[in-house]
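Asks: For reference, the chains in residue letters:
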Amino acid sequence: MSGKYEAVIGLEVHVELNTKSKIFCSCPTEFGKEPNTQVCPVCLGLPGVLPVLNEEAVRKAVQAALALNCEITSYAKFDRKNYFYPDLPKAYQISQYDLPLARNGWIELSGGKRIGIRRVHLEEDAGKLVHQGDITSAAFSFADYNRCGVPLIEIVSEPDIRDPEEARDYLTRLKGILQHIGVSDCRMEEGSLRVDANVSVRPVGSREFGTRTELKNIGSFRAVYRGLSYEIERQSKLLDRGEPVIQETRHWDEQNGVTRSLRGKEEAQDYRYFPEPDLVPLQLDPDWVEEIRRTLPELPEARKARFVREYGLPEYDADVLVSSPPIANFYEECVRLFGEPKTVSNWVMGELFRLLNDSGMEPEELKLRPSELVSLLKMTREGVVSGKIAKDVFEQMFRTGEDPESIVKKHNLVQISDKSALEPLVLQVIAENPKVVDDYKSGKKQAFAFLVGQVMKATKGRANPAVVNELLHKRLD
Amino acid sequence: MILELWQLTVHELSQLLLRKEVSATELLESVWGRIEEVEDQVKSYITLDPEGARAAAAESQRLLESGRPRSALEGIPCGLKDVLSTKGLRTTCGSKILSNYVPPYDATAVQALKEAGTVILGKTNMDEFAMGSSCENSGFFPTHNPWDLTRVPGGSSGGSASAVAAGEAMFTLGSDTGGSVRQPASLCGVVGMKPTYGAVSRYGLIAFASSLDQIGPLTRDVTDCAMVLDFIVKHDPMDSTSVEIKRGSYLEALRPADEAVKGLKIGVPKEYMGKGLEPGVEAQVKKALELLQELGAEVEECSLPHSSYALDAYYVIAPAEASSNLARYDGVRYGYRSKQYDDLIDMYRKTRAEGFGPEVKRRIMLGTYALSAGYYDAYYLKAQKVRTLIREDFDKVFAKFDVIAGPTSPTVAFKLGEKVDDPLAMYLSDIFTIPVNLAGLPGISVPCGFSEGLPVGLQFIGKAFDESTLLRVAYATEQACSLGNMAVLCARALAKGTKEGARG
Ligand SMILES: [Zn+2]
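Protein chains in written order, with the working numbering: chain A, 1 to 477; chain B, 1 to 504.
Here chain B stands alone, though its shape is the one from the complex:
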């Protein structure tokens, strides 16, 4: 079978580009062709930048031809979640309130990718201000899961996940506040990582919940994930919470499967395998863990006793921070402003009433309430205490285990519209990912199988700044599960879905 260029991985394409077997412009046209072919059905992007991408690819090609590529990512087309500031390129954060906002500066992570020579295709769809688990809260349109167009891609980095799965980008960046990279990665059958809090600079990442937000890559495989991570994990003086860490190359830390997991102690929290978990998901997760055991890993049950409080704590802390972070969208300096208003207060009210969607308003109200005089101690302070307990749960487990494993999401991709009217059901999608953000730890979701023809993700959680171990165990999982070329499989499902859609 001859593969299209867009069906290859970053590490494969990097070799082809460096060996000049493929040109950056050729690669871009391949990906662009794919976007033109499927974007109408999938709707991964809010903004596409064909001129910018073509200019960047031409520059990459010039450097490749002259033997002076800027990095191994030279000429690789990628997409960016629309939460990342891009200089001169509209950045909406999935919200009408920023529908006309063009940032004057690049986020640090974006700058790193530009300096590495990547080709930025556009800005991917997301739940408004990263609040959601299905991409249905986008202020513009929902994104469809390329494995089944009637289903959601997950969220909030839904467009970033669907673009990688459908071949509309070789990799993307997303952001993860409570699972927003890992959950859509799981639902779209791609690899998604949330690095340790402080590993990737948040400068230029439009804040949802500052103490939880982290930028992470979505890729076709674990090798690509390590490759991209190598470019974006670095200390940034522009972010006071960014941490200076001594580390080697993540890519070079990858090891063959058996070597990587021999003697590795994997803890499986009993709280993650309980009720609410779809049997199909549970079966795939268990099967993958057995495969790791066969490779020499020691898999044992463990406990994170305060997990059941994580969702409650999260839905106080994240909205509290969001209520403050989103207060700046007031129509005064940039972004949307209501057309008709009487005075300043009226302008604020109407601008925000018209500019924000219902989920964002819900969380602003929740957060404002939680921080109000008389309620602060009962809500915000208590939630912070729960957060400490959750952190301590992880510390205890990591005293005995190297990594924690479990399902990324309790379900496979659900139907569009299925949970939009039931916020609590929607919130439960992130039940296994949220504790990781509360504890500031790294987590990765790697495809481990299929249930009802839809991808299932296995989540690994690591010690702070131990991304290398996570990548190694995820790599071993990928090898052990050997699901085949996911891009090809997804393209087949998408072609079938499109045909059925056309018939129905």
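Just chain A, same shape as in the assembly:
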């Protein structure tokens, strides 16, 4: 985007709450079961059934709303959102329209900027259609209602986000908060966290909003970033050419990296919201809400402060570590077993993050146990393996799941600190590199490092560098 325009972004995030049973019936919510095995007359919307609100879903929604700094409304109600679709067996979704569970919250981004949260409301999820072929040409589709009635919260941000990076930061923090309080596993690939983005652009300095488009089908935080970037660029170009932006819903095409028009405003649905007569209004007891607030698990901000205080970490390290609860938990367990908080943080933020990134794995998919990293760190501390070898061992642990001891044993990676074993190699290297030895003796200090490197190479990195240093100095000085 040229410097002429500024983007205005608002995000709508749907998160599945990890309750044991569905929001209006007692069916289990487990993901990945055989289609239509976790259903009953209620979630199938058979004639005559009625919803009964699951208190656990309300509790988790309130936890989430409180963690997002929202006000809990004292009088909330449920409404019906009416539309026809085969994954929606009642042809309406029980949701909340004008009186949501919570309002007026915020999330603080890295730089301290606050993104407002307009509302958090509770609703039921729909089922899932499996199309036989492409969606536009499928001859038929299968309907799986296992997901139907899983509790969802919808978190609607204010249009406070100004660029794709802020959007990604907002989402990372939101996910971290929800995972920290344990109300959702927030797995985008399983659909337990879904993002729709509203985006418009306007000339810098303008206070009015431009015409917005809504982005759908965003499968990852990376896709949020890419999709928004594309859309901002597209809208800016339109404005540059003096063409209008059309208010519409656009589909993010991950493969081709473009957004495509899905439906225009004139085709927008009229959901005919009205109060759900089968449920009584939700009047939450303020004492109950206070009790939830008091017993809320440690939030990322507080945990970060504690990491700085307790472990003496730099702010930056603490911030990165707490952004993902599985990582923060992994880190804390390692420190408990090993000590040396800064060493551990270097390993986690360096090696572990690099490997996660390369493999495209989410932190919650990490199989490695803290005790395994700690055994490796102990082997390093005790000089059993060199620091360089340790990194290779770690990579193998990460990829194969093998424990460090057996990797070291299998590949014969134990560090050689025995002087009598290294002495002949040192002599050999000196003999084979007379020119370098001369350089060193004439004052070129860096020539020494070359000689150390040759010994390391000859031992495939297993030589203890300190011992090699000592032996070389003895011979050359």
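Errors might be hidden in some of the hints.
Pairs of lysine-lysine, DSS-like flavour, derived with a Cα cap of 30 angstroms [stated by the list, open to error]: (1) A/Lys128 - B/Lys96; (2) B/Lys382 - A/Lys81; (3) A/Lys77 - B/Lys382; (4) B/Lys96 - A/Lys81; (5) B/Lys234 - A/Lys20; (6) A/Lys81 - B/Lys114; (7) A/Lys77 - B/Lys286; (8) B/Lys350 - A/Lys128; (9) B/Lys463 - A/Lys77; (10) A/Lys128 - B/Lys396; (11) B/Lys350 - A/Lys81; (12) A/Lys20 - B/Lys87; (13) A/Lys81 - B/Lys361; (14) B/Lys385 - A/Lys77; (15) B/Lys246 - A/Lys77; (16) A/Lys33 - B/Lys87; (17) B/Lys246 - A/Lys128; (18) B/Lys234 - A/Lys77.
Per the computed footprint, the stretches of chain B lying under chain A, defined by three or more beta-carbons under 8 angstroms from a beta-carbon of chain A, are [stated by the list, open to error]: (19) 95-105; (20) 201-208; (21) 331-341; (22) 372-381.
So these bits of chain A aren't anywhere near chain B, every CB distance computed over 12 angstroms [claimed, not checked]: (23) Lys90; (24) Arg114; (25) Arg118; (26) Phe140; (27) Glu190; (28) Gly205; (29) Gly339; (30) Pro341; (31) His411; (32) Asn412; (33) Ser417; (34) Asp418; (35) Ser442.
Think of the hints as simulated: they come from the structure by calculation, not from any bench.
Built from N, CA and C at the ideal position, the CB exists for glycine as well.
For this one, chain A is given, so just place chain B with the ligand on it according to the hints.
Replies: Chain B with the ligand alone, transformed into the frame defined by chain A:
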């Protein structure tokens, strides 16, 4: 005169069964014989379940013989309006769109009756999705009034009312959204009650208008009504609008007539005795109220000033809820699906166009319109405000009176076909019953006399959850009016009608 078993009441039969003077199988065969005799003319049932009924009666008999009856209703044959989900027994809601639908579960009220040991005979006819006042909107066939086969039984629980009147069931359950139990009860000369909203679980009652629907019994007399009510009024965790109430037995709350009404303050809304009321109906209602006065009741005029808006509010709220409740009948998962269609949208359109009847379509359109963006405030929201005013009208009257009394229906049973082409005239049949649903109050219709040889019903409206007072005053009315054995009278009229029908 020796009465047939099907001409007795539930409370009489219960005694005979418990004393083993009559067997449950004998009773069932008596009722079944009656069904075979008159069903062709009356057409009360959409589905009959002879095998299920015979098995249930045999089980009841076994328990009665071994001295372990499940309740006072053990072995009593009953019918259920086809709006109630019955596990394994086809439930159509009077609609072609559900003509092949067999529920996998029992409604809570049905389960209560099964646990009490009743014998379920079948599913009674009704206006499609309970929308109608004559049973002529049934997706299958109209039901005839057994007092005069050329007339309607009322609706929407028409089959439930005609079955009880004609002796085709000892009692039935119906549902009442705007008068659908009380109005047919009135037109068929039986007792029909709509309990307070929240008293009987709606779980398994196929929804028409969720904030108005309530299940209620149709019986031969008030004692039977109290007896059945005792089994179906209870809190149900499956229905969030079901209310936990402390109550004693309704049956035991009944009192002799004079004791029941002495000093009872009865308000008669002037709005209910005005124009549109048939003189014959008015006369019978007034006569019954005089009899109650003689027994010591204080009868006085009162006013429900917003009554005239009730019909308008109802015809916004009920269709609005219905438009949403009936959206699930889309041909995707169960029920009727059009045979020929191009794509999903076309399948929806054709399925619903072919599956629903004209009155249902009319109300779906009304409701969809009332909820649409731009119209919501003017229609739905305004109707809700009127509803509040109507509720407040009742509150004011109940500050001074114990019960409200008036006609159940402005007319006696009208001719089949008389109002089918005039929906507004049809809607007026429920003008006295609709406000009660809007206010969520209990109401009962009890026969109080005859006009042109057809039964007239007197309606009592009570305070919320004060069913006991309603039952007591209705019981007193029944005693005071002493119309005789209605089953016998109705059977005589039906026999005459059948003969005339055969001649004509
Ligand atoms: Zn379920």
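Asks: Does each hint hold? Answer for all of them.
Replies: Comparing the hints with the structure gives:
Distance hint between A/Lys128 and B/Lys96 is fulfilled; the C-alpha atoms sit about 28 angstroms from each other, no more than 30 angstroms. For the proposed pair B/Lys382 and A/Lys81, the alpha carbon gap of about 20 angstroms is at most 30 angstroms, so the pair holds. Using a Cα cut-off of 30 angstroms, the hinted pair A/Lys77 and B/Lys382 holds, with the two alpha carbons roughly 19 angstroms apart. A threshold of 30 angstroms between alpha carbons decides the hint, and for B/Lys96 with A/Lys81 the separation of about 27 angstroms falls inside it, so the pair holds.
For the given pair, B/Lys234 sits about 29 angstroms from A/Lys20 by alpha-carbon distance, which is consistent with the 30 angstroms threshold. Proposed proximity of A/Lys81 and B/Lys114 is contradicted: the alpha carbons are some 36 angstroms apart, above 30 angstroms. Of the supplied pair hints, the one linking A/Lys77 and B/Lys286 is violated, its CA atoms being roughly 45 angstroms apart against a limit of 30 angstroms. Taken as a hint, the B/Lys350 and A/Lys128 pair is honoured in the structure, with Cα atoms around 24 angstroms apart against an allowance of 30 angstroms.
At roughly 27 angstroms between alpha-carbon atoms, B/Lys463 and A/Lys77 fall within 30 angstroms of each other, so this suggested pair holds. Taking the CA atoms of A/Lys128 and B/Lys396, the gap is about 52 angstroms. The hint is violated against a cut of 30 angstroms. A hinted pair counts as satisfied when its Cα atoms are at most 30 angstroms apart, and B/Lys350 with A/Lys81 qualifies at roughly 23 angstroms. A C-alpha spacing of about 28 angstroms is found between A/Lys20 and B/Lys87, which places the hinted pair at or below 30 angstroms, so the restraint holds.
This hinted pair checks out: A/Lys81 and B/Lys361 have alpha carbons roughly 20 angstroms apart, not beyond 30 angstroms. Distance restraint check for B/Lys385 and A/Lys77: the Cα-Cα separation of roughly 18 angstroms lies within the 30 angstroms cut-off, and the hinted pair is therefore satisfied. Among the hinted pairs, B/Lys246 with A/Lys77 is consistent with the structure: their alpha-carbon atoms are about 27 angstroms apart, no more than 30 angstroms. Restraint check: the Cα-Cα separation between A/Lys33 and B/Lys87 comes to about 27 angstroms, which is no more than 30 angstroms; the hinted pair holds.
Straight-line distance between C-alpha atoms of B/Lys246 and A/Lys128 comes to about 44 angstroms, which puts the hinted pair past the 30 angstroms bound. This hinted pair checks out: B/Lys234 and A/Lys77 have alpha carbons roughly 25 angstroms apart, not beyond 30 angstroms. With a threshold of 8 angstroms between beta carbons, the proposed coverage of the stretch 95-105 of chain B by chain A holds, since 5 of its residues qualify and at least three are required. Requiring three or more residues with a Cβ within less than 8 angstroms of a Cβ of chain A, the coverage given for the stretch 201-208 of chain B holds, as 6 such residues are present.
Taking a C-beta to C-beta cut-off of 8 angstroms, the stretch 331-341 of chain B contributes 3 residues in contact with chain A, enough for the three needed, and the coverage statement holds. Judged by the Cβ-Cβ criterion of 8 angstroms, the stretch 372-381 of chain B is covered by chain A as claimed, because 4 of its residues qualify and three suffice. The claim that A/Lys90 lies off the interface is violated: its Cβ sits roughly 5 angstroms from the closest Cβ of chain B, which falls inside the 12 angstroms cut-off. Even its closest Cβ contact with chain B, about 33 angstroms, leaves A/Arg114 beyond 12 angstroms, as expected for a residue assigned away from the interface.
With 12 angstroms as the threshold on Cβ separation, the claim that A/Arg118 sits away from chain B holds: the shortest Cβ distance comes to roughly 20 angstroms. Here A/Phe140 does not stay apart from chain B, with its beta-carbon only about 10 angstroms from theirs, under the 12 angstroms limit. At roughly 25 angstroms, the least C-beta separation between A/Glu190 and chain B is larger than 12 angstroms, which holds for a residue marked as non-interface. Every CB of chain B is more than 12 angstroms from the CB of A/Gly205 (nearest about 35 angstroms), matching its label as outside the interface.
Residue placement check: A/Gly339 keeps its beta carbon more than 12 angstroms from all beta carbons of chain B (closest about 54 angstroms). With a closest Cβ-Cβ approach of about 51 angstroms to chain B, A/Pro341 is found to remain outside the 12 angstroms limit, as its non-interface label requires. Taking the minimum C-beta to C-beta distance to chain B, about 59 angstroms, the non-interface status of A/His411 holds against the 12 angstroms cut. Interface exclusion of A/Asn412 from chain B stands, the closest Cβ pair being 64 angstroms apart, more than 12 angstroms.
No beta-carbon of chain B comes within 12 angstroms of the beta-carbon of A/Ser417; the shortest separation is about 72 angstroms. The Cβ of A/Asp418 lies farther than 12 angstroms from every Cβ of chain B, with a closest approach of about 76 angstroms, so its non-interface assignment holds. The beta carbon of A/Ser442 is kept farther than 12 angstroms from every beta carbon of chain B, the shortest such distance being approximately 86 angstroms.
Violated hints, listed in ascending order, are 6, 7, 10, 17, 23, 26; each of the other numbered hints is respected by the structure.
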